[in-house]
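> Each chain, written out:
Number of protein chains: 6
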Amino acid sequence: MTMERRVSIFRKEHFNAAHRLFVPGWTDEQNFATFGKCSNPHYHGHNYDLVVKVTGEPDARTGYVINLSDLSAIIQQQVLAKFDHKNLNLDTKEFATLNPTAENIVYVIYEILRQQIDPKFDLSVRLYETDRNFVEYPG
Amino acid sequence: MTMERRVSIFRKEHFNAAHRLFVPGWTDEQNFATFGKCSNPHYHGHNYDLVVKVTGEPDARTGYVINLSDLSAIIQQQVLAKFDHKNLNLDTKEFATLNPTAENIVYVIYEILRQQIDPKFDLSVRLYETDRNFVEYPG
Amino acid sequence: MTMERRVSIFRKEHFNAAHRLFVPGWTDEQNFATFGKCSNPHYHGHNYDLVVKVTGEPDARTGYVINLSDLSAIIQQQVLAKFDHKNLNLDTKEFATLNPTAENIVYVIYEILRQQIDPKFDLSVRLYETDRNFVEYPG
Amino acid sequence: MTMERRVSIFRKEHFNAAHRLFVPGWTDEQNFATFGKCSNPHYHGHNYDLVVKVTGEPDARTGYVINLSDLSAIIQQQVLAKFDHKNLNLDTKEFATLNPTAENIVYVIYEILRQQIDPKFDLSVRLYETDRNFVEYPG
Amino acid sequence: MTMERRVSIFRKEHFNAAHRLFVPGWTDEQNFATFGKCSNPHYHGHNYDLVVKVTGEPDARTGYVINLSDLSAIIQQQVLAKFDHKNLNLDTKEFATLNPTAENIVYVIYEILRQQIDPKFDLSVRLYETDRNFVEYPG
Amino acid sequence: MTMERRVSIFRKEHFNAAHRLFVPGWTDEQNFATFGKCSNPHYHGHNYDLVVKVTGEPDARTGYVINLSDLSAIIQQQVLAKFDHKNLNLDTKEFATLNPTAENIVYVIYEILRQQIDPKFDLSVRLYETDRNFVEYPG
Numbered sequence: 000m001t002m003e004r005r006v007s008i009f010r011k012e013h014f015n016a017a018h019r020l021f022v023p024g025w026t027d028e029q030n031f032a033t034f035g036k037c038s039n040p041h042y043h044g045h046n047y048d049l050v051v052k053v054t055g056e057p058d059a060r061t062g063y064v065i066n067l068s069d070l071s072a073i074i075q076q077q078v079l080a081k082f083d084h085k086n087l088n089l090d091t092k093e094f095a096t097l098n099p100t101a102e103n104i105v106y107v108i109y110e111i112l113r114q115q116i117d118p119k120f121d122l123s124v125r126l127y128e129t130d131r132n133f134v135e136y137p138g
Numbered sequence: 000m001t002m003e004r005r006v007s008i009f010r011k012e013h014f015n016a017a018h019r020l021f022v023p024g025w026t027d028e029q030n031f032a033t034f035g036k037c038s039n040p041h042y043h044g045h046n047y048d049l050v051v052k053v054t055g056e057p058d059a060r061t062g063y064v065i066n067l068s069d070l071s072a073i074i075q076q077q078v079l080a081k082f083d084h085k086n087l088n089l090d091t092k093e094f095a096t097l098n099p100t101a102e103n104i105v106y107v108i109y110e111i112l113r114q115q116i117d118p119k120f121d122l123s124v125r126l127y128e129t130d131r132n133f134v135e136y137p138g
Numbered sequence: 000m001t002m003e004r005r006v007s008i009f010r011k012e013h014f015n016a017a018h019r020l021f022v023p024g025w026t027d028e029q030n031f032a033t034f035g036k037c038s039n040p041h042y043h044g045h046n047y048d049l050v051v052k053v054t055g056e057p058d059a060r061t062g063y064v065i066n067l068s069d070l071s072a073i074i075q076q077q078v079l080a081k082f083d084h085k086n087l088n089l090d091t092k093e094f095a096t097l098n099p100t101a102e103n104i105v106y107v108i109y110e111i112l113r114q115q116i117d118p119k120f121d122l123s124v125r126l127y128e129t130d131r132n133f134v135e136y137p138g
Numbered sequence: 000m001t002m003e004r005r006v007s008i009f010r011k012e013h014f015n016a017a018h019r020l021f022v023p024g025w026t027d028e029q030n031f032a033t034f035g036k037c038s039n040p041h042y043h044g045h046n047y048d049l050v051v052k053v054t055g056e057p058d059a060r061t062g063y064v065i066n067l068s069d070l071s072a073i074i075q076q077q078v079l080a081k082f083d084h085k086n087l088n089l090d091t092k093e094f095a096t097l098n099p100t101a102e103n104i105v106y107v108i109y110e111i112l113r114q115q116i117d118p119k120f121d122l123s124v125r126l127y128e129t130d131r132n133f134v135e136y137p138g
Numbered sequence: 000m001t002m003e004r005r006v007s008i009f010r011k012e013h014f015n016a017a018h019r020l021f022v023p024g025w026t027d028e029q030n031f032a033t034f035g036k037c038s039n040p041h042y043h044g045h046n047y048d049l050v051v052k053v054t055g056e057p058d059a060r061t062g063y064v065i066n067l068s069d070l071s072a073i074i075q076q077q078v079l080a081k082f083d084h085k086n087l088n089l090d091t092k093e094f095a096t097l098n099p100t101a102e103n104i105v106y107v108i109y110e111i112l113r114q115q116i117d118p119k120f121d122l123s124v125r126l127y128e129t130d131r132n133f134v135e136y137p138g
Numbered sequence: 000m001t002m003e004r005r006v007s008i009f010r011k012e013h014f015n016a017a018h019r020l021f022v023p024g025w026t027d028e029q030n031f032a033t034f035g036k037c038s039n040p041h042y043h044g045h046n047y048d049l050v051v052k053v054t055g056e057p058d059a060r061t062g063y064v065i066n067l068s069d070l071s072a073i074i075q076q077q078v079l080a081k082f083d084h085k086n087l088n089l090d091t092k093e094f095a096t097l098n099p100t101a102e103n104i105v106y107v108i109y110e111i112l113r114q115q116i117d118p119k120f121d122l123s124v125r126l127y128e129t130d131r132n133f134v135e136y137p138g
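Protein chains in written order, with numbering that gives the first Met the number 0: chain A, 0 to 138; chain B, 0 to 138; chain C, 0 to 138; chain D, 0 to 138; chain E, 0 to 138; chain F, 0 to 138.
Hints in this document: simulated from the structure, not taken from any laboratory. Among the hints, a few may not be true.
From chain E, some residues computed to sit far from chain F (all C-beta separations above 12 Å) [to be verified]:
id	residue
1	Thr54
2	Ala59
3	Gln77
4	Asn86
5	Tyr109
6	Gln114
7	Phe120
8	Asp121
Restricting the straight-line Cα-Cα distance to at most 25 Å, the calculated cross-link-like pairs of lysine-lysine (DSS-like) are [stated by the list, open to error]:
id	chain 1	residue 1	chain 2	residue 2
9	D	Lys81	A	Lys36
10	C	Lys52	F	Lys52
11	E	Lys52	B	Lys52
12	B	Lys11	A	Lys11
13	D	Lys119	A	Lys36
14	E	Lys36	E	Lys92
15	A	Lys11	E	Lys52
16	A	Lys11	B	Lys92
17	C	Lys11	E	Lys11
Among the chain A residues that face chain E by a calculated CB cut under 7 Å, a handful are [unchecked claim]:
id	residue
18	Val6
19	Ile8
20	Gly62
Cβ atoms here follow ideal geometry from the backbone N, Cα and C, with glycine treated the same way.
Starting from the given sequences, assemble the full structure and let the hints guide the process.
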């Protein structure tokens with residue numbers, strides 16, 4: 000069987016974090032008007048589900064696009080080690096000044112992983128903030 | 000950080016409705032042959048899960064593509080207020096003559112939302128009739 | 000290994016139905032005050048998930064409490080054949096006069112199944128009207 | 000149909016909160032040894048799923064144990080208004096000195112709801128901190 | 000309503016199978032180094048969830064892209080009859096020599112279904128090996 | 000706050016295994032008549048979800064019934080290390096002669112864990128063979 004095809008492989012991981020949404024130069028009233036209760040000064044938090052999609056040709060011998068154990072290890076070392084059980088605003092350099100909206104988090108995670116994944120593969124990242132609110136960045 | 004990128008943001012909503020699948024000019028036998036038990040004259044019903052996907056550039060200041068509270072309010076006012084706890088065939092003008100298949104429902108919802116969402120955003124709508132049967136219309 | 004123990008075994012099945020909640024002698028205003036949009040005269044509907052729990056001693060030879068194929072067949076023949084893709088108010092004798100609340104539906108299903116399941120087994124039935132609203136009747 | 004039976008009815012609600020697990024008199028090392036990364040001083044967070052179970056006899060006329068709209072309103076006003084999008088340690092009096100473990104949170108929520116639910120009903124509360132870690136307090 | 004549009008319709012099916020990942024010419028050590036515990040010589044197994052996506056124009060009269068009963072029957076006859084409750088390595092010709100990775104399984108299923116589905120429709124197949132590991136082949 | 004109460008705490012873990020259901024002394028016909036396709040001689044497999052419930056009084060100081068990290072480690076070392084990515088019939092002593100039905104597996108896991116969990120705690124174990132077929136053994 001020749002393998003002239005591209006298959007996507009997905010790995011789901013998980014982290015828990017606190018965050019607060021706000022624009023530093025704005026008043027509390029402005030922040031509350033835009034971000035609602037997500038702007039609570041003492042933070043709130045989420046169980047984030049992260050789905051990483053890697054697309055490429057399966058290896059003709061192994062049948063793997065990428066070894067999922069390797070992909071999982073990359074996500075754990077490069078993403079979860081930074082963000083899991085952390086306060087995104089206070090404990091991470093990535094969100095020290097960048098507002099940790101789902102849109103910004105998924106972009107930051109994509110950029111981190113893009114440097115770890117062989118350029119011959121396409122990469123896309125989806126992030127669930129809740130079951131009802133989620134985002135995707137296909138690069 | 001410059002934000003020359005497009006991120007998709009998804010909001011899941013929910014409605015419950017009754018419907019019956021049938022072609023008005025057909026006999027009961029013809030309708031039953033095509034639509035099976037979905038053609039039961041007294042209707043049956045579903046818990047519909049609706050996932051609305053909006054794609055655009057996050058605002059450089061807020062980090063939002065679109066405020067999910069606003070998107071949720073639009074879906075509730077324009078879609079759920081019409082269809083939730085309704086008989087799609089009898090209680091809605093949209094399906095007074097159009098057969099309320101999942102394909103037609105997702106198209107109708109897309110058209111309603113397309114008029115409410117800023118044209119700078121791409122829109123796609125997915126509708127789950129059950130966990131095992133679902134449809135998507137990307138516009 | 001002696002098997003002096005009782006194990007519960009669960010089977011999940013599924014049906015879709017339309018219904019309307021109302022008390023026949025009440026005015027529309029009274030019904031709407033109590034049942035809200037669930038009282039819509041033209042019906043609405045649900046994907047019902049049904050979980051049947053049977054408790055007993057596993058057979059020492061087969062290791063089965065009850066063959067799940069048999070249990071599934073009983074549920075399909077005795078429950079789903081009556082209620083799936085039906086209007087509970089109009090198409091069933093069980094709810095011709097009994098209000099089809101989740102509480103009443105789960106009780107009716109329990110009574111139907113209790114007659115089919117060997118009395119040496121305990122029986123309990125759970126019914127999901129939605130992911131967020133569900134009921135259980137342990138007999 | 001006489002209704003000499005007790006049925007349980009469940010309502011699932013949701014809140015997002017930040018928290019930190021620690022014993023005030025302990026050193027950081029002691030807290031980290033017991034609570035691990037859950038003791039991160041700057042908090043982390045969760046999507047909490049709350050399932051409230053009320054058991055009683057359905058009303059012979061309406062077929063309701065309790066109106067789920069009423070139950071949902073009680074949970075929202077008495078529980079979610081206190082805890083949703085809050086820092087449990089800093090923003091609530093309930094956890095100002097009580098360690099906000101899942102065990103303690105579910106107990107506190109039970110006590111709040113027990114005062115709002117008619118004593119003729121049994122009450123049980125389940126709290127999901129994650130999909131894999133959850134607790135239940137049956138009173 | 001003119002139907003100049005393409006809608007995707009999805010059907011989810013399920014099968015249970017045993018498999019072992021290995022390259023025939025390799026030593027056990029080589030196979031274990033690449034495939035880890037998935038290379039256990041006596042096999043392990045999965046509940047596979049299969050999602051088949053068919054994209055086309057809904058029929059103007061029926062409102063169906065494809066009748067989901069027909070699609071489900073095709074999947075059951077052509078895919079589940081081959082793979083459900085089977086050992087993929089030993090019981091199927093498709094994986095007699097081809098390593099049954101998720102990537103190879105999804106490709107094989109696509110090829111089987113592509114011959115059964117009218118060429119006017121686009122086809123895409125997603126396969127869940129677990130909730131956290133899944134693949135997709137869009138053709 | 001005095002803690003005169005008992006709270007249940009649940010931990011969900013996961014393993015993948017192959018198995019075959021059969022009674023050794025029976026003919027293939029007898030086994031097939033009882034176990035259907037679950038009796039396929041070359042095995043099939045499942046993603047098993049395991050939910051372990053421990054009930055006791057939370058510690059007055061920590062607020063923990065049991066540290067979930069400790070419970071998770073026990074399950075991994077005592078249960079998953081034996082069964083994950085194994086052929087239950089061929090690779091385990093527990094099911095060398097005992098038919099690996101869900102009922103028997105849940106009982107075996109309960110007995111293993113009962114020896115590891117402090118007797119002051121109640122223990123109950125639930126095992127999902129699929130989303131639709133599951134068992135529970137409360138001891």
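> Does each hint hold? Answer for all of them.
We went through each hint and held it up to the structure:
| no. | hint | in the structure |
| --- | --- | --- |
| 1 | Thr54 | holds (27 Å) |
| 2 | Ala59 | holds (37 Å) |
| 3 | Gln77 | holds (17 Å) |
| 4 | Asn86 | violated (4 Å) |
| 5 | Tyr109 | holds (22 Å) |
| 6 | Gln114 | holds (25 Å) |
| 7 | Phe120 | holds (29 Å) |
| 8 | Asp121 | holds (29 Å) |
| 9 | D/Lys81 - A/Lys36 | holds (12 Å) |
| 10 | C/Lys52 - F/Lys52 | holds (18 Å) |
| 11 | E/Lys52 - B/Lys52 | holds (18 Å) |
| 12 | B/Lys11 - A/Lys11 | holds (19 Å) |
| 13 | D/Lys119 - A/Lys36 | violated (36 Å) |
| 14 | E/Lys36 - E/Lys92 | holds (24 Å) |
| 15 | A/Lys11 - E/Lys52 | holds (21 Å) |
| 16 | A/Lys11 - B/Lys92 | violated (42 Å) |
| 17 | C/Lys11 - E/Lys11 | holds (17 Å) |
| 18 | Val6 | holds (5 Å) |
| 19 | Ile8 | holds (5 Å) |
| 20 | Gly62 | holds (4 Å) |
In the structure shown, a violation is registered for the earlier hints numbered 4, 13 and 16, in ascending order.
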